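Enquirer: What follows is the residue order along each chain.
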Amino acid sequence: MSTISTTQTIPDSALDKPRTGTWDGGNEPFKASYGKLMMWFFLLSDAFTFAAFLTTYGLIRHRYAAYDEKIHGAFKFSSDYWPIPDKVFNAFPGMGHADVPLGFVALMTMILIFSSVTMVLAVEAGHRMDKKDVQKWLLWTILFGATFLCSQAWEWSHFIGGHEEGTKMADGTVFHGANLAMNQYGPVLFGDLFFFITGFHGTHVFSGVCLLVWSFIATTNGTFEKRGHYEMVEKIGLYWHFVDLVWVFVFTFFYLV
Amino acid sequence: MAHHAPAADTHVGEIPKPNTGWIWKTFFVLVGITALEFVFVFFMDPGTMRNAIFIILTIFKAFFIVAEFMHLKHETKGLIWTILIPMALLIWLLVALITEGNAIGAAVHNFLN
Numbered sequence: 001m002s003t004i005s006t007t008q009t010i011p012d013s014a015l016d017k018p019r020t021g022t023w024d025g026g027n028e029p030f031k032a033s034y035g036k037l038m039m040w041f042f043l044l045s046d047a048f049t050f051a052a053f054l055t056t057y058g059l060i061r062h063r064y065a066a067y068d069e070k071i072h073g074a075f076k077f078s079s080d081y082w083p084i085p086d087k088v089f090n091a092f093p094g095m096g097h098a099d100v101p102l103g104f105v106a107l108m109t110m111i112l113i114f115s116s117v118t119m120v121l122a123v124e125a126g127h128r129m130d131k132k133d134v135q136k137w138l139l140w141t142i143l144f145g146a147t148f149l150c151s152q153a154w155e156w157s158h159f160i161g162g163h164e165e166g167t168k169m170a171d172g173t174v175f176h177g178a179n180l181a182m183n184q185y186g187p188v189l190f191g192d193l194f195f196f197i198t199g200f201h202g203t204h205v206f207s208g209v210c211l212l213v214w215s216f217i218a219t220t221n222g223t224f225e226k227r228g229h230y231e232m233v234e235k236i237g238l239y240w241h242f243v244d245l246v247w248v249f250v251f252t253f254f255y256l257v
Numbered sequence: 258m259a260h261h262a263p264a265a266d267t268h269v270g271e272i273p274k275p276n277t278g279w280i281w282k283t284f285f286v287l288v289g290i291t292a293l294e295f296v297f298v299f300f301m302d303p304g305t306m307r308n309a310i311f312i313i314l315t316i317f318k319a320f321f322i323v324a325e326f327m328h329l330k331h332e333t334k335g336l337i338w339t340i341l342i343p344m345a346l347l348i349w350l351l352v353a354l355i356t357e358g359n360a361i362g363a364a365v366h367n368f369l370n
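These protein sequence lines are chains A and B, in that order. Heads up: the first sequence at position 171 corresponds to 171 in our numbering, and the numbers run straight through without jumps. Heads up: the second sequence at position 3 corresponds to 260 in our numbering, and the numbers run straight through without jumps.
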C-alpha cells in the first residue's frame, strides 16, 4: 500500500472524493454499518425459518393426543400419544442405562451459553484492539462450539440407536430407535421433527464454527488489525449469539414443554 | 466503526483494560433462569401453567441474549422496532397453527370413531 503514491500531475479536482451526501452512501441507516445491518436482516429471516419449524412442531404436537395417566395408564412409548421428552432424552454418556432425564441436554445448553459468553469476550477484546485476547476468546468459542457439535452427534446416535426395550410395532415386531419412516418413541412425525429441527440448528452451529475458525486465522494474520477494526468478529458474534438464542427456544419447545 | 484508522495508529498507546463485569452478570442471569427451568421440570406437574412458566422464562432468556450479548438494547430505536415487530407477528402464527393442530386432531379422532 505504501508503495503507491499519487503523482503531482493529477489535479485535486480530478480525484474521487468520499461521498458524504445523504443519498450518496454518506448516511448510515439506524447508525449501524452496512455489514451489521445486513447481518441483522439475515438473522431476522433465519428466525422466520426456525419459527416455521417450531410452529410446525406445535401444530403437529397438538394434532396428536397428549399423554394422560388416567386414560393411558403408566407411561410407555406408543404411537397413540406424543411422547414425554423426559422419557426419551434420559441417557448420559458413560452412565449406561441410568435414568438421567434431560441431564445431557442441560449440559449441552450450558456449553452453548458459555460459548456465547466467550464470544462476547472476543468482541469486547476486538473493541480494545487487543489481538491476543481476541485470539484467546475465539479459540475458546471454537472449542465450545465443537464440543456442542460432538454432544449433538452423541445425542443423535443414541436417538437413532434407541432404548434397550424398544417398542412393539403394529406388525408385531419390536423396533429400536428411530429413522425418518418409523421410531419407537411415538408418532412418526416426532422422530422427523427431531431430526429436522435439531439437525437444522446443528448445521447452523457447524457454519458458525467454520466462520469462527476463519476469523481466528484472519485475526492471527493481522487482517483486522490492519483494517483498523474488528467489526467482522462482531458480525460473526451476532450470528453466534443467534444460534445460541435459537437453541434456547428449541430447548424449551422440544425438551421442556 | 466506519472510520478506518491507519495501521500505524493502532500500535500507539496501551491496550485498555477489559471491561467484562456486565458480560458475567448476563451469564449468571442466563444460568440462573436455566436452573429455575429445571426446578419446574422436576417439581411441578405438567400442564398449561407449567408450559406458560417455561415460555415466559424463555422470553426472559431471549431478552438478555438479544439485548446484552447482541447489543440490540444499545442500537437506535428504529433498528430495535425493525427487528421486534416482525417477530411479534410470529406469535399470531404460532397461536393460529396450534389451534389448527387441535382442530385437525379432533377431526381425525371423530372420523375414526
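Hints were generated in silico from the structure; no laboratory data involved. From a predicted model like this one, the values you see are computed outputs, not experimental measurements. Every residue gets a Cβ at the ideal spot worked out from N, C-alpha and C, and that includes glycine. Hints are supplied without guarantee of correctness; some may be wrong.
[Said to hold, decoys possible] Quick list of in silico lysine to aspartate or glutamate cross-link-like pairs, EDC-like style, CA-CA up to 16 Å:
#1 LYS235(A) x ASP24(A)
#2 LYS87(A) x ASP12(A)
#3 LYS36(A) x GLU165(A)
#4 LYS36(A) x GLU271(B)
#5 LYS235(A) x GLU271(B)
#6 LYS131(A) x GLU325(B)
#7 LYS132(A) x GLU332(B)
#8 LYS31(A) x GLU332(B)
#9 LYS274(B) x ASP130(A)
#10 LYS87(A) x GLU164(A)
#11 LYS274(B) x GLU28(A)
[Unchecked claim] Now the stretches of chain B that chain A is said to cover, found in silico as 3 or more residues with beta-carbon under 8 Å:
#12 284-295
#13 301-312
#14 326-334
#15 342-352
#16 357-363
Enquirer: Next step is simple, just say for each hint if it's right about the structure.
Expert: Going through the hints against the structure:
1. LYS235(A) x ASP24(A): violated (24 Å)
2. LYS87(A) x ASP12(A): Judged against 16 Å, a Cα distance of about 75 Å means the pair is violated.
3. LYS36(A) x GLU165(A): violated (51 Å)
4. LYS36(A) x GLU271(B): violated (28 Å)
5. LYS235(A) x GLU271(B): Violated, at about 25 Å.
6. LYS131(A) x GLU325(B): Measuring from Cα to Cα gives roughly 23 Å; hence the hint is violated.
7. LYS132(A) x GLU332(B): violated (28 Å)
8. LYS31(A) x GLU332(B): holds (8 Å)
9. LYS274(B) x ASP130(A): The hint holds at about 10 Å.
10. LYS87(A) x GLU164(A): The given pair, whose Cα atoms are some 13 Å apart, holds under the 16 Å limit.
11. LYS274(B) x GLU28(A): At roughly 30 Å apart (the allowed maximum being 16 Å), GLU28(A) and LYS274(B) break the hint.
12. 284-295: Since 6 is at least three, the answer is holds.
13. 301-312: It holds, with 4 qualifying residues against the three required.
14. 326-334: Held - the stretch 326-334 of chain B has 4 residues with a Cβ nearer than 8 Å to chain A, which meets the minimum of three.
15. 342-352: The restraint on the stretch 342-352 of chain B holds, since 5 of its residues have a Cβ under 8 Å from chain A and three suffice.
16. 357-363: holds (count 5)
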